[in-house]
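Trainee: Dock chain one against chain two, each of which comes alone in its own frame, and use the hints as you go.
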Amino acid sequence: MTLVHLTLTVNGRAYDLDVEPRRTLADALREDCGLTGTHLGCEHGVCGACTVLVDGEAVRSCLMFAVQCDGAVIRTVEGLAGADGTQHPLQAAFSAEHALQCGFCTPGFLMLAAGALEADPGVVGDAERLRELLTSNLCRCTGYEAIRRAVVAAAGDQHPGQPESGR
Amino acid sequence: MKPAPFSYVVARSADDVVAALADGRTDVLAGGQSLVLEMNYRARRPARLVDINRVPGFDRLEPDGDVLRVGPLVRHRAFEGDTVPGPLGTLLRRVVHHIAHPPIRARGTLLGSLAYAHPAAEWPAVVTALGADLELTGRDGHRTVSAADFFRGPFDTARRAGELLTELRVPLLPPGTRVGFAEHRRTHASFAQLAVIAAVTLTQGRVSAARIGLVNAADRPVRAHGAEAALLNRPLDDPAITEAGRVAAEQDADPRPQPHADLGYQRHAVAVLTRRALAQARDQG
Chain A
1 MTLVHLTLTV NGRAYDLDVE PRRTLADALR EDCGLTGTHL GCEHGVCGAC
51 TVLVDGEAVR SCLMFAVQCD GAVIRTVEGL AGADGTQHPL QAAFSAEHAL
101 QCGFCTPGFL MLAAGALEAD PGVVGDAERL RELLTSNLCR CTGYEAIRRA
151 VVAAAGDQHP GQPESGR
Chain B
1 MKPAPFSYVV ARSADDVVAA LADGRTDVLA GGQSLVLEMN YRARRPARLV
51 DINRVPGFDR LEPDGDVLRV GPLVRHRAFE GDTVPGPLGT LLRRVVHHIA
101 HPPIRARGTL LGSLAYAHPA AEWPAVVTAL GADLELTGRD GHRTVSAADF
151 FRGPFDTARR AGELLTELRV PLLPPGTRVG FAEHRRTHAS FAQLAVIAAV
201 TLTQGRVSAA RIGLVNAADR PVRAHGAEAA LLNRPLDDPA ITEAGRVAAE
251 QDADPRPQPH ADLGYQRHAV AVLTRRALAQ ARDQG
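Protein chains in written order, with our numbering: chain A, 1 to 167; chain B, 1 to 285.
Pulled out of the complex, with its shape left as it was, chain B reads as follows (with noise of 0.2 angstroms):
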């Protein structure tokens, strides 16, 4: 099908965005591999597109102290390569290899990803789990939301119309922790139907800090606060990583009914994702 008509509209600057969403009927067109889609299927009628593809620095990618600054015109496909240095580049190069196909990748960004908070996008998971903030700007300046707060539920964020998502603060993973990322699809082809994301920091050969994301196992994306505890002051070994993964799915998972997926499948499929994703941190680091 073909979209539904609009107009169209270039910004050069972050006002220019802002101006331009004033008026409650425009959208943002960043790299579209969601947006334009669903403007083909015409679920969605912008009666006008702001394109950011121009704005100077909206590329950014950056180290900053201990934080990794992301604009919002960073392809997923930055994270493929050495970019992100230390453990968090090591992990997000796990994560991008899932998201879709090459050429999605090329278009596709972080910031679009989170904005649209798909249910079984991995990037809302991640940036929960790392406890990432992000930035808003609208006609009243900038605030921020930590990833905790701005996950509401399937396609629905703490953006609040008028605003656009300007940045993604991720902490940097200290030296010494080992990632982890483990997914379940139906198919080859088919989105996440469960993923689990692990960080896990060793000192002195026990746990000092642990993160861990589930994807798609409730409402929003949940940071696994139980398995964390779970795994604290203990080795990294074969009985930690099974009780973790069974408080993931008993106490921090919240599935939902999936069409082919009962809840019992959901947390047992929980538990496994989350043992592999741990196990994967303590093998391959």
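Next comes chain A alone, as it looks inside the complex (with noise of 0.2 angstroms):
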């Protein structure tokens, strides 16, 4: 099979890969580039544990492939804490607010949700606007509720002054 060279930026660095089109992006990001951060669950978009942010939107990277993805620019969990390992917000307030246990899904609800804080953090102050973002993935441990609570309150760290409806 035909190898394609493609770049990938993820969380600021390029990585040059070749790989046949059939390759999601999930695949090369935990593959490729040694970034396992990324989980896969259902592979097929259903549970939302591979999200990732492709040019500052949340998508399925298990319905990518990383041909689509040449030039764009990726982030990812491990993007997200600074670079001296300060924990980003949202992971700082799934930590406080036991957002998690066993953490299969975390990485993606973390991206889920710093791609719509980033987009809009007004998200968190409409109930019904932050409840549907994040019946998006699945989550088998803790009920969501905590998860709601953590994204609330990490827009309120990031955006001192947004409403935090509903704590």
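Please keep in mind that the hints were generated in silico from the structure rather than gathered at the bench. Some clues are possibly wrong.
Here's a subset of chain B near chain A, in silico, CB distances under 10 angstroms, partners left out [claimed, not checked]:
| hint | residue |
| --- | --- |
| 1 | Met1 |
| 2 | Gly32 |
| 3 | Glu38 |
| 4 | Asn53 |
| 5 | Pro56 |
| 6 | Ala100 |
| 7 | Leu263 |
Beta-carbon label-pair distances, calculated as ranges [what the hints assert, rightly or not]:
| hint | chain 1 | residue 1 | chain 2 | residue 2 | range |
| --- | --- | --- | --- | --- | --- |
| 8 | B | Gln258 | A | Asp120 | 37 to 47 angstroms |
| 9 | B | Asp15 | A | Cys141 | 50 to 60 angstroms |
| 10 | A | Gly71 | B | Ala43 | 27 to 37 angstroms |
| 11 | B | His268 | A | Thr9 | 33 to 43 angstroms |
Note that beta-carbon positions come from the ideal geometry of N, C-alpha and C, so glycine has one too.
Mentor: The following block contains the structure:
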């Protein structure tokens, strides 16, 4: 099978890859870039564990091929914390609110929330929109309420003065 | 699972796409939110994908005269905001929130949903109810097919091998049209078991035009002509709404056996959802 050469920019670093066209973005991140923080659950777009940001937008990396992302700017859970290891506000809030148990879904939820808060932090002020957002991904441990609290808390930390509805 | 091997080509124009499709073994990659999962299952094994995500202009979404033109790369998410004005925009906004989840809506496309023709998909019934036209482009140029003629059955459309669905043209709804949408699912995350779309134009307090669409109530999207006729020249009151629901269930719907719903249940649900969609149109516009 012919390999395709492409460049993925992941968390600010360029990765030059030679991959088969059938390589999903998720597998390219995990197997070719060595970034195993992105998890693969269902591989058909249901669970959201593989959610990453492509050009700022949360997407299922199991439903995109790496070749589609040539030249794109990708962010994964490994890029959330600061260079000195300081946790991203979402990571701190997930920890504080006990928004994870086994942690398998956590990278996907963090990237889903990061994309949404960066696009519009006002999402946490609209209970229905926030609920719709968080139904995107599956968590089988926490029951979602802790995740909802964590996203609301993180939005408050990132943007003081944002309403924290329903706390 | 992982997809079977395939080769990949990026299109830069509609001509590129049509040229690539000529081999009969190439599939179109737009949003990929159904295609890629079917490839992951190996339910589909195209020899090649032609990626249309980099074709300039394919993301066009614009009112033009009395129609809304939608290009092949307009994502579901485009209909969440205020881009489409008037009652049509209100209807599309109500419907789009029933489609998958935000990350899927950021990638998946409206035209892709039409070409896929999933029996439980909302968009095919919306465009059927609204009397939209679809433009197909192949080696011999363009041809236009009405939505009523486009859908032939589950996953079966009038699109021929080698053709690309290049444009959807939806008639704008006249000012004063009131819209409603009601859907039933077995669980929150399930596909639609049934859904009903309604757009009702009132003139001096009486129904002067009605468009009603049924999702998953037959082997293809249904325009409920009988229920529409039952509303004409009447006020949009409870008796008219009840009658329209009865006619939709008894005349317009042609339900097929489903694992979790016998035919009587499906007809009953069509009546209930038609009433809900029409009541929403009346009460919330």
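Trainee: Min Cβ distance, Pro56 (chain B) to chain A: is it shorter than 10 angstroms?
Mentor: Violated, because the Cβ-Cβ distance from Pro56 (chain B) to chain A comes to roughly 16 angstroms (cut-off 10 angstroms).
Trainee: May I ask you to test the hint 50 to 60 angstroms on the CB atoms belonging to Asp15 (chain B) and Cys141 (chain A)?
Mentor: The hinted range 50 to 60 angstroms holds for Asp15 (chain B) and Cys141 (chain A), with Cβ atoms some 51 angstroms apart.
Trainee: Do the Cβ positions of Gln258 (chain B) and Asp120 (chain A) conform to the proposed distance bound of 37 to 47 angstroms?
Mentor: holds (38 angstroms)
Trainee: Okay, Gly71 (chain A) versus Ala43 (chain B) on CB: inside 27 to 37 angstroms?
Mentor: holds (30 angstroms)
Trainee: Per the CB criterion, is Ala100 (chain B) less than 10 angstroms away from chain A?
Mentor: holds (8 angstroms)
Trainee: Just to be careful: measuring from the Cβ of Gly32 (chain B) to every Cβ in chain A, is the smallest value less than 10 angstroms?
Mentor: holds (6 angstroms)
Trainee: Any CB of chain A closer than 10 angstroms to the CB of Leu263 (chain B)?
Mentor: violated (29 angstroms)
Trainee: Should the hint that His268 (chain B) and Thr9 (chain A) are 33 to 43 angstroms apart at their CB atoms be regarded as holding?
Mentor: violated (54 angstroms)
Trainee: Taking the closest Cβ pair, is Glu38 (chain B) under 10 angstroms from chain A?
Mentor: holds (9 angstroms)
Trainee: So, Asn53 (chain B) near chain A? Judge it on the closest CB pair being under 10 angstroms.
Mentor: OK, holds: Asn53 (chain B) within 10 angstroms of chain A, min 7 angstroms.
Trainee: When the nearest CB of chain A is found for Met1 (chain B), is that gap smaller than 10 angstroms?
Mentor: Met1 (chain B) check passes; min Cβ-Cβ to chain A is 6 angstroms, inside 10 angstroms.
Hint check: violations occur at hints 5, 7 and 11; the rest are consistent with the structure.
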